[in-house]
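Asks: Residues per chain are reported as follows:
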Amino acid sequence: MRRGLDGPAPEERPTPEGRRNDQGIRIDPEVEATHLPRRTVISTLVQHEPGVLAEVSGLFSRRQFNIESLTVGPTDDEDRARITLVVEEPDPGIDQVKKQLRKLVPVISVRELAPDAMRRELALVKVDAERPDQVAAVADMYDATTVDSSPETATFEITGARQKIEAAIETFGQFGIREISRTGTTALARGTAETAAPVSATESATDQPTQQDQYTADDD
Amino acid sequence: MSERAASVTPAEEQDDEQPDADAQIADGAAPDATEESETTPEPVTTGAEAVVRALENAGVEYAFGVQGGAIMPVYDALYDSDIYHVTMAHEQGAAHAADAYGIVSGEPGICLATSGPGATNLVTGIADADMDSDPMVALTGQVPTAFVGNDAFQETDTTGVTTPITKENTFSSDPDRVGTDVSEAFALARDGRPGPTLVDLPKDVTKSETDREPDDPRVPDTYEVQERADEEIVAAAAERIENAAKPVMLLGGGVIKGEASDVCREFAIEHEIPVITTMPGIGAFPEDHELSLEMAGMHGTGYANMAITHCDALIGIGTRFDDRLTGGIETFAPDAELIHVDIDPAEISKNIRADYPLVGDAATVVEQLCEAIDASPKVAKWRAQCQQWKSDYSMAYEAPEDEPVQPEFVVEALDEATSDRAIVTTGVGQHQMWACQYWTYTEPRTWVSSHGLGTMGYGLPAAIGARLAADDDQEVVCIDGDGSFLMTLQELSVAVRENLDITVAVLNNEYIGMVRQWQDAFFEGRHSASEYHWCPEFDKLAEAFGARGFRIDDYDEVAETIEAALAYDGPSVIDVHIDPEANVYPMVPSGGDNGQFALTEEQL
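Chains as they are written, first to last, in this note's numbering: chain A, 73 to 292; chain B, 460 to 1063.
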């Protein structure tokens, strides 16, 4: 006995013209639009209470968002902390990051920062100090501050945009780097713009990403 | 609610002669609203009393749970409460019962468990409620705060474990705050997009003295829900619908949770737009209506899948575009512009990009759309096409007398023997799909199943929760599979103890049938661990529990056995020996093209 239902077989059925891409966007056959990942900074204001950071970081791991760095610290309001996230995702992914973050009950507001936002990172670099003069010259070049020195090593503090820190690390590399510790990016919006002012649900939902700029010039 | 009340059919008053099981419970123990308001409740003296008071203030009638060390103070406070506690056989049963209670009643179901193993046993049920956005509050005991973090006896980091599967959870550390934490959890479970919440209750906190009455249920300030959609987008969406040549409405579970079934029905009927439901959306639109194309997706009807594949405007309401619905994203409604209504902004453009994102309460937004539409779309040709597909791909099946009983026949016989308002619960597997396909649902909140998580064993405990939430004249039928039933059948003891009028029909093919179907299709028929020839005789097992047991082997036994089982005033189990080779069709292979659904194994 033949098992199953009756009806025209798959090859006898009409098929539609269109197609969507893997981001669920209908494709115009002329221009196939797939969003490439871009790096962006998301600043979020949260209730300053235990477990919030775990909730935020857990959200990122279980939804497989590609997180580049995460920093957290108190604000002028002792009930609120600011979490600054750098993510690298295609636009639909960035949009999801913002919406999913906003869903967490202790999250007060979520904002993606404009490309001109001030972004800073701090790094501690411990290098071999066999050539102190040259090490000092490189440190000077990157405005690095000496934090510690011993007969064999020197440790510098460098603050700045990510690219500057990476350039400094590369240059220090010629002396032999023993250890590095970096903080990840923290950021604030420029001028009078508020970094993480509350966003209404509509705005976050309907807000189609407009900033196509890649943060290639990752500095200020 | 109005729908449920409005559709009482005279056919269903047959149970009147028999005293109803829940009526007895209700008379004996459940709170009586008028009585309660006359007496002023005693002031709370402990954290545990504040917890129970918070539940009472929220109007809770039933709670499902299992006793244990760390939750004992709460149970002690429940001893004096009018809340009726249903002791379950296993905490997973408590969570599913509370979940189903929430689905049927619309108000959060409550489940309780102790710390450690009690709490972890709730986890599957909480995850299930989370995937299906069902309102539920879980209260878990915890070791005293001084022991927390020391790997104390029966300690688990419950809030840590449940963070990914709850809408919100709280470790309650202050006896003055614990009642309010529970009130807030109740409000959060219910408001906006519903979901499970959890409050972890350390034993010292619930034992401590406090005179602080809990605040009324309200959500925290940081939780915002948008009710009305942006008017401009509504206007644009309305215009898109007016101009659509091939529109389809896709109603998800959010339509039922948002009490939007009525307005969606009006909208579809007025503009003659064909309607498809997702699996959680079953019951949002009457399946016996001409416009209904029933369910789309992996095991949806052929006509629904043809319509969704060929539509040019898709009005998705309260659906999250799960992969069991969409199949491969690339081929999902590829020509359609998507108008997406959802109360959760994060669902918009998550899986399928919305061209018209409408964030808001389903009922409110559909009303906005109703007002914004000036003219119905011209859909005569499209509707004729949908009707043609309905006859091309009809869900007819063959049931020859000389073959084993076909499952479809049993589902249809059960449907015929019960009222339109009968509630169906299921486990997960082939039987669940037959219950979707061959039962004609016409009312919301009559379909109770595990959709997103796909939890085997959901059916029986869900039937217990559904029975207590349902009206007395609504039958509760659990359509289960042998594998699913085996996972939670100990809850039969609860149904017997409470004398709940539930009919369980186990579609027994002695297989984990859906796995066997996939193994036949995709694993060369190698039935690795899917053969259940060692199944017990469920009718005898039912008798051992004190329920009534029935067995069906042949077609001529079907009608009268079902009638006898339904007539029995208490839990009954029918062990239905169905064709072990019966498979579920149509089928869209995982990640496949909905329009290319297979009607037979050869087409896979």
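If you are wondering where the hints come from, they were derived from the structure by calculation, not from laboratory data.
This structure is a prediction, so every number in the text was calculated from the model and none was measured.
Each residue gets a CB set at the ideal place from its N, CA and C atoms; glycine is no exception.
Treat the hints with care, since some could be wrong.
[Said to hold, decoys possible] In the EDC-like style, the derived pairs of lysine to aspartate or glutamate whose C-alpha atoms are separated by at most 16 Å in a straight line are:
1) Lys-175(A) x Asp-771(B)
2) Lys-198(A) x Asp-163(A)
3) Lys-198(A) x Glu-229(A)
4) Lys-175(A) x Asp-680(B)
5) Lys-840(B) x Glu-683(B)
6) Lys-837(B) x Asp-930(B)
7) Lys-840(B) x Asp-932(B)
8) Lys-809(B) x Glu-229(A)
9) Lys-809(B) x Asp-215(A)
10) Lys-666(B) x Glu-690(B)
11) Lys-840(B) x Glu-691(B)
12) Lys-837(B) x Asp-680(B)
13) Lys-666(B) x Asp-633(B)
14) Lys-175(A) x Glu-683(B)
15) Lys-236(A) x Asp-220(A)
[To be verified] Just a sample of chain B residues kept apart from chain A, beta carbon distances all over 12 Å, derived:
16) Thr-768
17) Gln-846
18) Asp-851
Asks: Hint by hint, note whether the structure agrees.
Replies: Verification of the hints:
Under the criterion of a C-alpha separation no larger than 16 Å, the hint pairing Lys-175(A) with Asp-771(B) is inconsistent with the structure, at around 31 Å. Straight-line distance between C-alpha atoms of Lys-198(A) and Asp-163(A) comes to about 38 Å, which puts the hinted pair past the 16 Å bound. Distance restraint check for Lys-198(A) and Glu-229(A): the Cα-Cα separation of roughly 9 Å lies within the 16 Å cut-off, and the hinted pair is therefore satisfied. The straight-line distance between the Cα atoms of Lys-175(A) and Asp-680(B) is roughly 13 Å, inside the 16 Å bound, and the hint therefore holds.
Between Lys-840(B) and Glu-683(B) the alpha-carbon distance is near 43 Å, which puts this suggested pair outside the 16 Å criterion. As the CA atoms of Lys-837(B) and Asp-930(B) are separated by approximately 41 Å, the hinted pair breaks the 16 Å bound. Annotation: proposed proximity of Lys-840(B) to Asp-932(B) is violated, straight-line Cα distance about 42 Å (limit 16 Å). Of the pairs offered as hints, the one joining Lys-809(B) and Glu-229(A) is violated, with about 42 Å between alpha carbons and a cut-off of 16 Å exceeded.
Among the hinted pairs, Lys-809(B) with Asp-215(A) is inconsistent with the structure: their alpha-carbon atoms are about 44 Å apart, more than 16 Å. For the given pair, Lys-666(B) sits about 52 Å from Glu-690(B) by alpha-carbon distance, which is inconsistent with the 16 Å threshold. Among the hinted pairs, Lys-840(B) with Glu-691(B) is inconsistent with the structure: their alpha-carbon atoms are about 30 Å apart, more than 16 Å. For the hint pairing Lys-837(B) with Asp-680(B), the CA-to-CA distance comes to about 46 Å; that exceeds 16 Å, so the pair is violated.
Simply put, Lys-666(B) and Asp-633(B) have alpha-carbon atoms about 11 Å apart, close enough for the 16 Å limit, and the pair holds. With a C-alpha separation of about 9 Å, the suggested pairing of Lys-175(A) with Glu-683(B) holds against the 16 Å cut-off. Distance hint between Lys-236(A) and Asp-220(A) is unfulfilled; the C-alpha atoms sit about 21 Å from each other, more than 16 Å. With a least beta-carbon separation of about 6 Å from chain A, Thr-768(B) fails to lie farther than 12 Å from that chain, contradicting its non-interface assignment.
The beta carbon of Gln-846(B) is kept farther than 12 Å from every beta carbon of chain A, the shortest such distance being approximately 14 Å. For Asp-851(B), the requirement that its beta carbon stay farther than 12 Å from each beta carbon of chain A is not met, with the minimum near 5 Å.
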